[in-house]
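Chains as they are written, first to last, in the numbering used here: chain H, 221 to 513; chain D, 59 to 496; chain Z, 2 to 319.
Derived from the structure by calculation, the hints contain no laboratory data.
By construction, the Cβ of each residue, glycine as well, lies at the ideal position given by its N, Cα and C atoms.
This list has only true hints and no planted wrong ones.
So, partial list: chain Z residues that the calculated Cβ filter (under 8 Å) puts toward chain D:
no.	residue
1	E92
2	A177
3	V180
4	T284
The calculated label-pair distances, taken between Cβ atoms and stated as ranges, are:
no.	chain 1	residue 1	chain 2	residue 2	range
5	Z	T175	D	K354	21 to 29 Å
6	D	S314	Z	W164	29 to 37 Å
7	H	V258	Z	A124	15 to 23 Å
8	H	V427	Z	L228	39 to 47 Å
9	H	P271	Z	Y217	53 to 61 Å
Residues from chain Z that keep clear of chain D, each with C-beta distances beyond 10 Å, as calculated:
no.	residue
10	S29
11	Q210
12	G211
Below are the chains, spelled out letter by letter.
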Amino acid sequence: MSDVALEPTRRAQRGRRDRSANFYAYLVVSITLALFFVLPLVWEAARSFQPANLAAATPRGADFTHFTLGNYRAVFSQEHILTNVLNSLVVAVGTALLTTIVATLAGYGLAKFRFRGSGLAFAAILLALMIPFQAVLTPLFIELNDMHLTNSLVGLILVYTTFNLPFGVFVMRNTFQQIPQELFESAEVDGAGVMTTLVRVLRPLIVPGLATTAIFAFLYSWNEFLQALTFLETDSKLTLPVKLFDIDTSTYGAINYGYLSSGIVIAMVPCIVLYLALQRYYVQGLMSGAVKG
Amino acid sequence: MRRRGNARIALIVLPIAAVVALSFTATGALSKPTATSAFGVNATGTVQFWTRAATSGLGVALVKQFNATHPHLKVVLSETSPNQDTTKLATAIRAHSVPDLVGLNDIDVPQFSRLNALMDITPYVNALPYKKYLSPGHLALAQYNGKYYGIPYLGDLSVLWYNKSLFTKAGLDPNKPPATFADILADAKKIQALGNGISGFAMAGDCQGCLGFVMEPDLFAVNDQLIRGPIGHQTIHIVGNQPLEQLLQLYQSLYSQNLLSPGSRTETGPTWGNDFEQGKVGILPGAYGFYPLMVKAGTIKDIGIAPLPGPTGGYSTFDGGDDFVIPAGAKNPSGAWEFVLWMMQTAQQNKYPALGYTPVRTDVLTPAYKAKNPYNAVALKALAHGSAPVTTIYDAAFNEPNSPWFQMFSQAVYNNDIAGALKTGQAGFEKVLTQAGD
Amino acid sequence: MNERFDLAPVLHPGGQVDAERTLHRAPSSARRRRKARTGGLLVTPALALIVAFVLFPLGFAIYISLTNWPLIGPYHYIGLENYRELFHDPEFLHSVRFTVTYTAIVTLPIFFLGYGLAVLLRANRFGSKVFRTLFFLPFVVGLTTESFMFAIELQPGAGWVDWAMSHLGLASATQAWTVTHDRTLLTISVIVIWFASGLTMLILTGGMQGIPRELYEAADVDGASWLKKELRITIPLLRRSIALSLIISVIGSFLAFNQFFILAQNNASLETVVEWVYQTAFTSYHLAYGTSMALLLVIVIGIVSMAQFLALRGETEL
Numbered sequence: 221m222s223d224v225a226l227e228p229t230r231r232a233q234r235g236r237r238d239r240s241a242n243f244y245a246y247l248v249v250s251i252t253l254a255l256f257f258v259l260p261l262v263w264e265a266a267r268s269f270q271p272a273n274l275a276a277a278t279p280r281g282a283d284f285t286h287f288t289l290g291n292y293r294a295v296f297s298q299e300h301i302l303t304n305v306l307n308s309l310v311v312a313v314g315t316a317l318l319t320t321i322v323a324t325l326a327g328y329g330l331a332k333f334r335f336r337g338s339g340l341a342f343a344a345i346l347l348a349l350m351i352p353f354q355a356v357l358t359p360l361f362i363e364l365n366d367m368h369l370t371n372s373l374v375g376l377i378l379v380y381t382t383f384n385l386p387f388g389v390f391v392m393r394n395t396f397q398q399i400p401q402e403l404f405e406s407a408e409v410d411g412a413g414v415m416t417t418l419v420r421v422l423r424p425l426i427v428p429g430l431a432t433t434a435i436f437a438f439l440y441s442w443n444e445f446l447q448a449l450t451f452l453e454t455d456s457k458l459t460l461p462v463k464l465f466d467i468d469t470s471t472y473g474a475i476n477y478g479y480l481s482s483g484i485v486i487a488m489v490p491c492i493v494l495y496l497a498l499q500r501y502y503v504q505g506l507m508s509g510a511v512k513g
Numbered sequence: 059m060r061r062r063g064n065a066r067i068a069l070i071v072l073p074i075a076a077v078v079a080l081s082f083t084a085t086g087a088l089s090k091p092t093a094t095s096a097f098g099v100n101a102t103g104t105v106q107f108w109t110r111a112a113t114s115g116l117g118v119a120l121v122k123q124f125n126a127t128h129p130h131l132k133v134v135l136s137e138t139s140p141n142q143d144t145t146k147l148a149t150a151i152r153a154h155s156v157p158d159l160v161g162l163n164d165i166d167v168p169q170f171s172r173l174n175a176l177m178d179i180t181p182y183v184n185a186l187p188y189k190k191y192l193s194p195g196h197l198a199l200a201q202y203n204g205k206y207y208g209i210p211y212l213g214d215l216s217v218l219w220y221n222k223s224l225f226t227k228a229g230l231d232p233n234k235p236p237a238t239f240a241d242i243l244a245d246a247k248k249i250q251a252l253g254n255g256i257s258g259f260a261m262a263g264d265c266q267g268c269l270g271f272v273m274e275p276d277l278f279a280v281n282d283q284l285i286r287g288p289i290g291h292q293t294i295h296i297v298g299n300q301p302l303e304q305l306l307q308l309y310q311s312l313y314s315q316n317l318l319s320p321g322s323r324t325e326t327g328p329t330w331g332n333d334f335e336q337g338k339v340g341i342l343p344g345a346y347g348f349y350p351l352m353v354k355a356g357t358i359k360d361i362g363i364a365p366l367p368g369p370t371g372g373y374s375t376f377d378g379g380d381d382f383v384i385p386a387g388a389k390n391p392s393g394a395w396e397f398v399l400w401m402m403q404t405a406q407q408n409k410y411p412a413l414g415y416t417p418v419r420t421d422v423l424t425p426a427y428k429a430k431n432p433y434n435a436v437a438l439k440a441l442a443h444g445s446a447p448v449t450t451i452y453d454a455a456f457n458e459p460n461s462p463w464f465q466m467f468s469q470a471v472y473n474n475d476i477a478g479a480l481k482t483g484q485a486g487f488e489k490v491l492t493q494a495g496d
Numbered sequence: 002m003n004e005r006f007d008l009a010p011v012l013h014p015g016g017q018v019d020a021e022r023t024l025h026r027a028p029s030s031a032r033r034r035r036k037a038r039t040g041g042l043l044v045t046p047a048l049a050l051i052v053a054f055v056l057f058p059l060g061f062a063i064y065i066s067l068t069n070w071p072l073i074g075p076y077h078y079i080g081l082e083n084y085r086e087l088f089h090d091p092e093f094l095h096s097v098r099f100t101v102t103y104t105a106i107v108t109l110p111i112f113f114l115g116y117g118l119a120v121l122l123r124a125n126r127f128g129s130k131v132f133r134t135l136f137f138l139p140f141v142v143g144l145t146t147e148s149f150m151f152a153i154e155l156q157p158g159a160g161w162v163d164w165a166m167s168h169l170g171l172a173s174a175t176q177a178w179t180v181t182h183d184r185t186l187l188t189i190s191v192i193v194i195w196f197a198s199g200l201t202m203l204i205l206t207g208g209m210q211g212i213p214r215e216l217y218e219a220a221d222v223d224g225a226s227w228l229k230k231e232l233r234i235t236i237p238l239l240r241r242s243i244a245l246s247l248i249i250s251v252i253g254s255f256l257a258f259n260q261f262f263i264l265a266q267n268n269a270s271l272e273t274v275v276e277w278v279y280q281t282a283f284t285s286y287h288l289a290y291g292t293s294m295a296l297l298l299v300i301v302i303g304i305v306s307m308a309q310f311l312a313l314r315g316e317t318e319l
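Only chain H is shown next, with the shape it has when bound in the complex (with noise of 0.2 Å):
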């Protein structure tokens, strides 16, 4: 969104004029919403590296005097919610990758090539859109449990990537869009094949869209819940937000807090800094359809 900000003068002229009260109140007020949004995150951070058992004590500004490293040990030494995280990572890193290959070939074809039944394909891509995921979880189950894709990661990946197409498709159309027709017919009487267009001439003008893509299928994939749910089986194939499901649930006073804890933050981690990291590709995807059209 700072591509659309004021052009330079007139933010320094409004700047002088900002040094007044009013800029006072505004500074204050958001300091306020600042630490109202981000409080409870950072106290969470901070709470799992308080030793386990205070965790189910009553809050007091003593208990952060003794910080742990315990339940982050516990947890990596516990071979399963290690494995709970990798296989987190697996899914979200195999359903970005996945997206954004098959999302740049499709938004390719789309944008460039003129076939029949483009039209049909763009169609069947855009009502994909609206049927949320939960609207067919149950069929979507006997399915995948048919073809033997249940408790799988890759049967995760296959329909975490399928859920995350339309958008992925629609952002590389678009992107592909953007690209000057001189630039493809150059390449074509060069004599370079379509692969090649797209891997060598084609690269450096669609890694934005690339990037868009990759970020919001990663961090669905790291947060989704309830598919991972219903489609996982054993403690093995958990990804972390169920396997923290688990660890919520447990009976007979076997709850620990500090694993929780630091397994919330575990999960937090990665999203916060590929956000921070890839905010500008991020905020485009979400303006690409507020703004542009």
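Here the structure of chain H is known, so what remains is to put chains D and Z in place on it, guided by the hints.
Relative to chain H, chains D and Z alone:
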């Protein structure tokens, strides 16, 4: 060039197509019973063993020991998510990719035996020399149409815990645990009167399954069941059920007279019993499984154990816990049975109590056992009087969030409408029964 | 709000056919065929996945809903019986009423808070980019993770919520938040508003930055009040962004699952439609019955999306 381009696309398309195509090839040959002599002896390979999270402690501890002593056979343990275990097993059965052995909550066995989803192990069970000593409640749940589809695995029994030192302080006899409903109410009142943050009674008041587990034995004690008759011809007995009405009245009184510990109303299970373990509660109907936690908390010396009483006497327990079942189509049933036989040996059964479980062979209850496990001996003794409803609707009727059992309990106890609650319960149970087609 | 604005591109119709138009220069027919085949091949993987995991299941769902399909075991055709039962099932009807109530409760607060945040930061003043990022963080982290977080923090007597609320004199130090119906609904609503308003803010900010500053300056010359400027300039020109943010928020609330499943699992009175579908199909094994409800969900969501799509398609460019 163009050709090469297409070839690259094919490289991407083909793997996806292959995955999809491959997945459609169904597998799942049914295992046929083998000769009893070879079955379960010197098996090789691996055994995929699923255990539910609530009772995984025993499997985790003993599988390690089995693998250490059996180099030719490896048991691979997987935990299924809490509250998801039957769904996950059903999923695996649907996909014909079942584990070799499952520690299935015993009350869930009938719904799977009825669907022919489990291996018939009747000849192997009948061949066991100690068959007559197996927990009767567990075994009854494993039996369907005269055949055995499972064998007892572990006992997770409900008992009455009480705090002897608080009993003494309140002027009660620490060696006389409550034996009737009236005792429970009277004792809880005296202990509550101690003040100082001490409560008379504790329960998991927002945990459907927990409440069923500790309250039903109060009815079993007088041979009362809410669901009666053989599967396929069952009826509901709630309206007009005197002991049930008394039981709801007891809990209603405990609630309305403020005799419950502060966390009782809102407890959903995860921290059930913690307040009792810390010595702040007089009476707790709970699981024998709390035992290791009390040992850990260091309060066990103050704690007494008793069986759960009936309205005016008698006692019982919920034959909770798991049956071993071998799903139909398991790849290594012989290996699974070899592990089962090992678990059934006295040496292994004797390891159960310290881990919070009760053995499933009543013949291990010797004087030596009693001396070594005084707390578990009480539970094991109650096992002979134990019961569990044999029905395919247990989960739907009792354990689920919107179960008619919990609706009835809430209406009676928290809304003080026992007559209305009984009607709600009767209608709700009947609806579940109709839906299940029984 | 589990769905991450899958809908955004729906609002970006138009321009589908320009690919065809821009392919000028009549190529030889052989070349055209070759290119057509390549184009088809490029789209095939995406199409295959969508057919396999969206369109086929949709058709399959219709079939399932006409049977008594359990999770395992035999089944047979029963016609419209599931649908008939649905409309007489008090639990199902309750879940619909509850979901609609919940949606009604959270939608406007999310919108107004998001709008306020966007207004606060729209001038690109010192620090506004940083604040924007911070306000959006709860959405980035995701509601699933945050539900677990609040499962810890809402513990009576042990979480920071009780600690903070009791110090502010608003609740006792051992207040339970997720037991009674009203309080749980309120608690979860506050969490969701906290989680989702950043998204509304970002969407509206995008729209606001597209409004020419000259319009405001002209209004300033006319001496228009702040409120007047908002009502006369911002809101009319933001129609599209406002519609988008509201639709995303309504659909997200209607499909709510995670926060209720995690924070109010034991409370049947707080069961959303999706939760009901999940429990019916996978916990009670009445797969077909759950499916029939899920299909009604497709119709409801489809109508909302379609109306949205058509409304915006008819709208002229700014």
